[in-house]
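Now for the letters of each chain:
4 protein chains.
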Amino acid sequence: MSIMIIYGGTRENGNTEILAERAVEGLDVERIYLKDYKILPIEDLRHSEEGFLEKNDDDHNSIVKRIQAHEMIIFATPIYWYSMSGIMKNFIDRWSQTIKDPRYEFKHSMSSKKTFVIGVGGDEPFVKGLPMIQQFKYIFDFIGASFEGYILGKGNKPGEIYHDEAAFELASLMQKRL
Amino acid sequence: MSIMIIYGGTRENGNTEILAERAVEGLDVERIYLKDYKILPIEDLRHSEEGFLEKNDDDHNSIVKRIQAHEMIIFATPIYWYSMSGIMKNFIDRWSQTIKDPRYEFKHSMSSKKTFVIGVGGDEPFVKGLPMIQQFKYIFDFIGASFEGYILGKGNKPGEIYHDEAAFELASLMQKRL
Amino acid sequence: MSIMIIYGGTRENGNTEILAERAVEGLDVERIYLKDYKILPIEDLRHSEEGFLEKNDDDHNSIVKRIQAHEMIIFATPIYWYSMSGIMKNFIDRWSQTIKDPRYEFKHSMSSKKTFVIGVGGDEPFVKGLPMIQQFKYIFDFIGASFEGYILGKGNKPGEIYHDEAAFELASLMQKRL
Amino acid sequence: MSIMIIYGGTRENGNTEILAERAVEGLDVERIYLKDYKILPIEDLRHSEEGFLEKNDDDHNSIVKRIQAHEMIIFATPIYWYSMSGIMKNFIDRWSQTIKDPRYEFKHSMSSKKTFVIGVGGDEPFVKGLPMIQQFKYIFDFIGASFEGYILGKGNKPGEIYHDEAAFELASLMQKRL
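Residue numbers (the UniProt record's numbering), protein chains in the order written: chain A, 1 to 178; chain B, 1 to 178; chain C, 1 to 178; chain D, 1 to 178.
In case anyone wonders, no lab produced these hints; they're calculated from the structure. Be aware that a few hints might be false.
Stated by the list, open to error - If you anchor each label on the Cβ, the simulated ranges turn out as follows: (1) B:Lys107 - D:His163: 39 to 49 angstroms; (2) B:Gly159 - A:Ser172: 48 to 58 angstroms; (3) A:Ser146 - D:Leu27: 29 to 39 angstroms; (4) C:Gly144 - A:Ser96: 25 to 35 angstroms; (5) A:Ile99 - C:Tyr37: 41 to 51 angstroms; (6) B:Arg66 - C:Lys107: 52 to 62 angstroms; (7) A:Ala69 - D:His163: 28 to 38 angstroms; (8) D:Glu165 - C:Tyr37: 42 to 52 angstroms; (9) B:Glu160 - A:Glu71: 32 to 42 angstroms; (10) C:Asp141 - A:Lys100: 20 to 30 angstroms; (11) C:Tyr37 - B:Asn13: 50 to 60 angstroms; (12) D:Glu124 - B:Phe142: 26 to 36 angstroms; (13) D:Lys107 - C:Pro102: 47 to 57 angstroms; (14) A:Ser112 - C:Asp141: 22 to 32 angstroms.
Stated by the list, open to error - SDA-like cross-link-like pairs, simulated, lysine to any residue; straight-line CA separation at most 20 angstroms: (15) B:Lys100 - B:Ile63; (16) B:Lys38 - A:Asp36; (17) C:Lys154 - B:Arg66; (18) B:Lys176 - C:Tyr162; (19) D:Lys100 - D:Asp57; (20) D:Lys107 - C:Asn156; (21) A:Lys35 - A:His60; (22) A:Lys107 - B:Asp123.
These numbers come from a predicted model, not from an experiment. Ideal Cβ placement from N, Cα and C applies to all residues, glycine included.
Isolated chain A, as found in the complex (with noise of 0.2 angstroms):
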């Protein structure tokens, strides 16, 4: 299966990545870290006469048509403020503009993808990360992605995810089916 990691972190050799890298161990991956891209927020102009015109001059449409080439692609984003980084959800937020781009065919594209979340977070994640798993849900759901699963680790300083033994058990599980 070809995979595919999006990375939200704004740190170098984060938690999560720490977490996420193990679920891929020996795995041919292909990473993007949206903190070293251009992705301007989306300006909402669906409805608006011109639509979405093609002046976005940033990185988000190449990172739609990387994405569009794998088969899993998991969500790797520190838990921010009880949800995604910002960057990752600017990122996000502009697929109503790739959606309605003829040039993507996006729902249809994503709809035989299977996704995978991956989150650590240093305020009880394993409960008050739940509405961020529950609002990826209704992403894939609405993209028509197989949501197959996630993985909630606790971390706040760097490396104190390596103290989260489940979190790794779990891991270590994913990378073996993947």
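For this one, chain A is given, so just place chains B, C and D on it according to the hints.
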């Protein structure tokens, strides 16, 4: 009561704004349209040696100061992909930096605020908008603010919110109390 | 529209009933007070050889028949420990049996119903009552019923619901539409 | 650590029990099968003059006493209709009465307990079981108990839980820690 509305939308005179303006009709309110400001995504340096330096040359801090001058803060956001807009999320993500900055005493100042959420979405917002409400609850609990309530409205196309009679009733009731 | 209210409360004239009765004032409504009936907990025999035999000598089936005669079903329950009352839960649990019983064609008949939830609780019901709403959504989705909306009210001591002006506004609005 | 499991299921040797027994394999555990006891639904008399009199001639109070003797309480319930079983809910509903009964000092005694939830369901339990987890969190917060974690497993037909490798991994890990 001194009131501020923070708008997370990207459309002029969108459904969220129509509903929120009903809730504050005739009142003296300061408005912030996040789309008109430059707010960089957080760079997570909480645990680096230098910490969060004052290197972000953007509008975040000035908005924080304006918020601190008010008693009630209304977060008004379209529901994009089942949560607040990415630009509002980026703004809130940056609070992790503000909290560490002794010039703002952010948590102390926010602990006396009343907060309110107004969100408008097109896809079953009364159910699929609930994780966003739970998320705001956790956010307000963390900073110690008092979450006074929320209004979820239904609307997709421009002006569609006018058909949501219940949302307007609740906005009118809110206006009487403010 | 033919309306039934199913009451899950255990107190006469409780807060939930006061609010629900406001929503149907002047309308012709059939009321079921679950506390006045004998409804045994489900015995999970879905996978035993004999299946669910008609051995439960209680009122469950007669209530099911009465529900099937109406177009809108309002589930009105006090929020006990952040969810519907145990007696209402036992009633719904038994649907697993009803669904298997060919005499009722339960899923088929319920798929044309409109449903509504009214819940009153004392501990931040507008936030802590939301998981209950999400559960009802899943329940109604499963049986194919159309979840038309809900009202959450705040009240603990008898009559306290009268102070929840917003809940009454929504109940009045609902009454006009029914 | 002294451990009690409270079973909310209605089937002998069901999926929930199989998973929970894995988590306590080889440990000294007291088990309560709620289905084997008589527990009346709560009658809400919190605000009546006589209050909750000791008129319930059932097994509730004796179970409460047994719980109080342990340090960790595991709530193991099949997920019926997206929440705990009605018989477990009736048991918890009665806590409103126990809290008012000075013989038990219920909140005080529960505030030193560790709690854990094990739930098994057939319909996307990893997502649709989350509102139940959020409810348990609110319940445990209310009584002051420490919510140590939860395992959600997938299973419908008898024994189907054996296919949920991740749930068993987590149960094994829990067993090592207990």
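Hints versus structure:
{"no.": "1", "hint": "B:Lys107 - D:His163: 39 to 49 angstroms", "in the structure": "holds, 47 angstroms"}
{"no.": "2", "hint": "B:Gly159 - A:Ser172: 48 to 58 angstroms", "in the structure": "holds, 52 angstroms"}
{"no.": "3", "hint": "A:Ser146 - D:Leu27: 29 to 39 angstroms", "in the structure": "holds, 38 angstroms"}
{"no.": "4", "hint": "C:Gly144 - A:Ser96: 25 to 35 angstroms", "in the structure": "holds, 29 angstroms"}
{"no.": "5", "hint": "A:Ile99 - C:Tyr37: 41 to 51 angstroms", "in the structure": "holds, 50 angstroms"}
{"no.": "6", "hint": "B:Arg66 - C:Lys107: 52 to 62 angstroms", "in the structure": "holds, 55 angstroms"}
{"no.": "7", "hint": "A:Ala69 - D:His163: 28 to 38 angstroms", "in the structure": "holds, 32 angstroms"}
{"no.": "8", "hint": "D:Glu165 - C:Tyr37: 42 to 52 angstroms", "in the structure": "holds, 43 angstroms"}
{"no.": "9", "hint": "B:Glu160 - A:Glu71: 32 to 42 angstroms", "in the structure": "holds, 37 angstroms"}
{"no.": "10", "hint": "C:Asp141 - A:Lys100: 20 to 30 angstroms", "in the structure": "holds, 28 angstroms"}
{"no.": "11", "hint": "C:Tyr37 - B:Asn13: 50 to 60 angstroms", "in the structure": "holds, 53 angstroms"}
{"no.": "12", "hint": "D:Glu124 - B:Phe142: 26 to 36 angstroms", "in the structure": "holds, 30 angstroms"}
{"no.": "13", "hint": "D:Lys107 - C:Pro102: 47 to 57 angstroms", "in the structure": "holds, 48 angstroms"}
{"no.": "14", "hint": "A:Ser112 - C:Asp141: 22 to 32 angstroms", "in the structure": "holds, 24 angstroms"}
{"no.": "15", "hint": "B:Lys100 - B:Ile63", "in the structure": "holds, 16 angstroms"}
{"no.": "16", "hint": "B:Lys38 - A:Asp36", "in the structure": "holds, 18 angstroms"}
{"no.": "17", "hint": "C:Lys154 - B:Arg66", "in the structure": "violated, 33 angstroms"}
{"no.": "18", "hint": "B:Lys176 - C:Tyr162", "in the structure": "holds, 18 angstroms"}
{"no.": "19", "hint": "D:Lys100 - D:Asp57", "in the structure": "holds, 17 angstroms"}
{"no.": "20", "hint": "D:Lys107 - C:Asn156", "in the structure": "holds, 19 angstroms"}
{"no.": "21", "hint": "A:Lys35 - A:His60", "in the structure": "holds, 12 angstroms"}
{"no.": "22", "hint": "A:Lys107 - B:Asp123", "in the structure": "holds, 16 angstroms"}
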